[in-house]
Amino acid sequence: MPEKTSALPIAVAGAGVGGLCAAIALARNGQPVVVLEQAKEIKPIGFGIQLGPNAFHMFEHLGLAHTVRARCSIPDAGIMRDIYTLDEVTRIPFGTAIESRYGQPYAVIHRADLHEELLRACAALPGIEIRTSAKVVRYGQQDNVVQVVAEDGARLDAKLLIGADGVHSTIRAQMFGNDNSPRNLGYVAYRGVHPRQSIDADLFENNVVLWAGDRFHLMTYPLDNGELFNIVAGFRSRRFEKGLEGAGGPEELREVFADGHPKAQRLMKLVDPARHWDIAVMEPVPKWHEGRVALLGDSAHAMLQAMAQGACQAIEDAVCLAECLKVHPDDLAAALPDYEARRRLRAIRMQFQSRLYWEIYHAGGGYADLRRQMLKRSPDAALESLAWVYDRQQLATH
1 MPEKTSALPI
11 AVAGAGVGGL
21 CAAIALARNG
31 QPVVVLEQAK
41 EIKPIGFGIQ
51 LGPNAFHMFE
61 HLGLAHTVRA
71 RCSIPDAGIM
81 RDIYTLDEVT
91 RIPFGTAIES
101 RYGQPYAVIH
111 RADLHEELLR
121 ACAALPGIEI
131 RTSAKVVRYG
141 QQDNVVQVVA
151 EDGARLDAKL
161 LIGADGVHST
171 IRAQMFGNDN
181 SPRNLGYVAY
191 RGVHPRQSID
201 ADLFENNVVL
211 WAGDRFHLMT
221 YPLDNGELFN
231 IVAGFRSRRF
241 EKGLEGAGGP
251 EELREVFADG
261 HPKAQRLMKL
271 VDPARHWDIA
281 VMEPVPKWHE
291 GRVALLGDSA
301 HAMLQAMAQG
311 ACQAIEDAVC
321 LAECLKVHPD
331 DLAAALPDYE
341 ARRRLRAIRM
351 QFQSRLYWEI
361 YHAGGGYADL
371 RRQMLKRSPD
381 AALESLAWVY
391 DRQQLATH
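The numbers in our numbering rise by one with no breaks, and the one at position 123 of the sequence shown is 123.
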């Protein structure tokens with residue numbers, strides 16, 4: 001028979017992509033959910049986000065594949081170019097080619113649009129409550145109950161606590177201390193989103209393009225059905241390496257990109273110089289659960305952006321967790337080791353591959369020559385090399 005705590009909700013810390021997908025997946029299975037979000041209000045934030053076919057396989061489970069796709073742009077290809085010469089290093093066909101092979105598209109979407117669709121889905125489901133100004137600062141466990149404590153002292157009894165509270169997770173910190181805190185790599189990122197008509201016509205293309213250089217890069221792609229243009233400029237700060245002031249600032253941004261092709265320099269000027277983000281790396285955590293508490297998304301496996309899989313893996317986590325709970329309706333705590341066993345090594349592989357690709361993307365000199373040789377392959381071969389990422393995943397055995 002079901003647990004005696006069945007009337008209690010499952011608490012989800014964090015209303016980001018992973019947390020909201022977890023709430024939707026759990027509520028669709030009849031579980032009451034309380035989402036605890038630290039922000040005072042939930043409003044559109046962020047820039048572009050890439051969604052591989054594996055994310056859309058999960059959206060199918062959530063009943064959101066069609067509505068999310070309607071908000072996306074579908075690029076023709078993923079391309080790597082040399083940022084100095086603009087020579088093409090490699091190409092992966094998207095569009096109909098990737099959809100024919102993997103059953104779902106490769107798409108790009110504004111994070112705010114995705115967030116809006118997830119919030120709409122939460123509002124349409126009974127049993128989901130979202131509380132703002134509710135940052136989770138600690139938890140306790142007693143018998144079959146998790147006591148969740150918010151920053152303002154408010155308390156919530158829950159049958160499970162899902163830590164979807166991001167890279168700087170307080171829940172992960174309680175589990176492991178600061179041993180698994182992110183480590184700054186010295187790279188920074190600048191971003192920008194512009195209406196298509198506001199940029200020069202030759203700068204726009206319906207592709208996801210990585211412009212790769214020696215420890216610096218650009219990433220460009222369309223959003224909003226081609227009406228918007230998204231750009232990211234990233235580089236390793238030379239001043240950071242030397243411990244100098246102004247590391248990663250706008251002046252250094254201009255200095256680094258002065259080495260690139262004139263077109264790359266024109267693109268770089270489209271980023272917003274007022275703000276940049278530090279890029280950090282996190283080592284795999286030793287475990288994803290403790291009693292009735294589990295980690296999800298970036299709190300468990302924050303990864304570099306090189307494979308565009310951070311959000312996709314959080315979405316996979318959410319659906320897999322809900323499916324594992326369906327397998328163990330009489331003992332929900334028993335579902336958490338099952339969830340970890342199904343997800344942890346796949347996420348660690350994604351973390352590892354992302355770090356490897358990050359080095360490949362930022363190669364210089366002879367290493368860049370090696371990169372050209374390594375990535376010189378047919379588009380079909382390039383597409384097939386990602387089968388381990390994009391093929392459908394077995395979520396749980398019922």
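Keep in mind that a hint or two might mislead.
Said to hold, decoys possible - Restraint-style ranges between C-beta atoms, simulated for each label pair: (1) Ala341 with Asp259: 26 to 36 Å; (2) Gly140 with Pro262: 56 to 66 Å; (3) Arg238 with Gly30: 47 to 57 Å; (4) Gln142 with Arg69: 25 to 35 Å; (5) Gln141 with Glu99: 42 to 52 Å; (6) Glu60 with Gly30: 31 to 41 Å.
Said to hold, decoys possible - Below, a list of computed lysine-lysine pairs in the DSS-like style, where the Cα atoms sit at most 25 Å apart: (7) Lys287 with Lys263; (8) Lys135 with Lys263; (9) Lys135 with Lys287; (10) Lys326 with Lys263; (11) Lys135 with Lys40.
Because the hints were derived from the structure by calculation, they are not lab data.
This structure is a prediction, so every number in the text was calculated from the model and none was measured.
Glycine is no exception: its CB is placed at the ideal position from the N, C-alpha and C atoms.
Status of each hint after checking the structure:
Between Ala341 and Asp259 the beta carbons are some 47 Å apart, a value that contradicts the proposed interval 26 to 36 Å. In this structure the supplied range 56 to 66 Å holds for Gly140 paired with Pro262, their Cβ-Cβ distance being about 59 Å. Roughly 55 Å separates the CB atoms of Arg238 and Gly30, a value that falls within the hinted 47 to 57 Å. Judged by the Cβ atoms, the range 25 to 35 Å given for Gln142 and Arg69 is violated: they are separated by roughly 44 Å.
A C-beta distance of roughly 45 Å is found between Gln141 and Glu99, which places it inside the suggested range of 42 to 52 Å. Restraint check, Glu60 to Gly30: a C-beta distance of roughly 19 Å breaks the suggested window 31 to 41 Å. Restraint check for Lys287 and Lys263: the C-alpha separation of about 46 Å exceeds 25 Å, so the hint is violated. Pair hint Lys135 plus Lys263 does not hold up; C-alpha atoms about 44 Å apart against a cutoff of 25 Å.
Annotation: proposed proximity of Lys135 to Lys287 holds, straight-line Cα distance about 23 Å (limit 25 Å). Between Lys326 and Lys263 the CA atoms are separated by roughly 53 Å; this puts the pair beyond 25 Å, and the hint is violated. A hinted pair counts as satisfied when its Cα atoms are at most 25 Å apart, and Lys135 with Lys40 qualifies at roughly 10 Å.
When held up to the earlier numbered hints, the structure conflicts with 1, 4, 6, 7, 8, 10 and fits the remainder.
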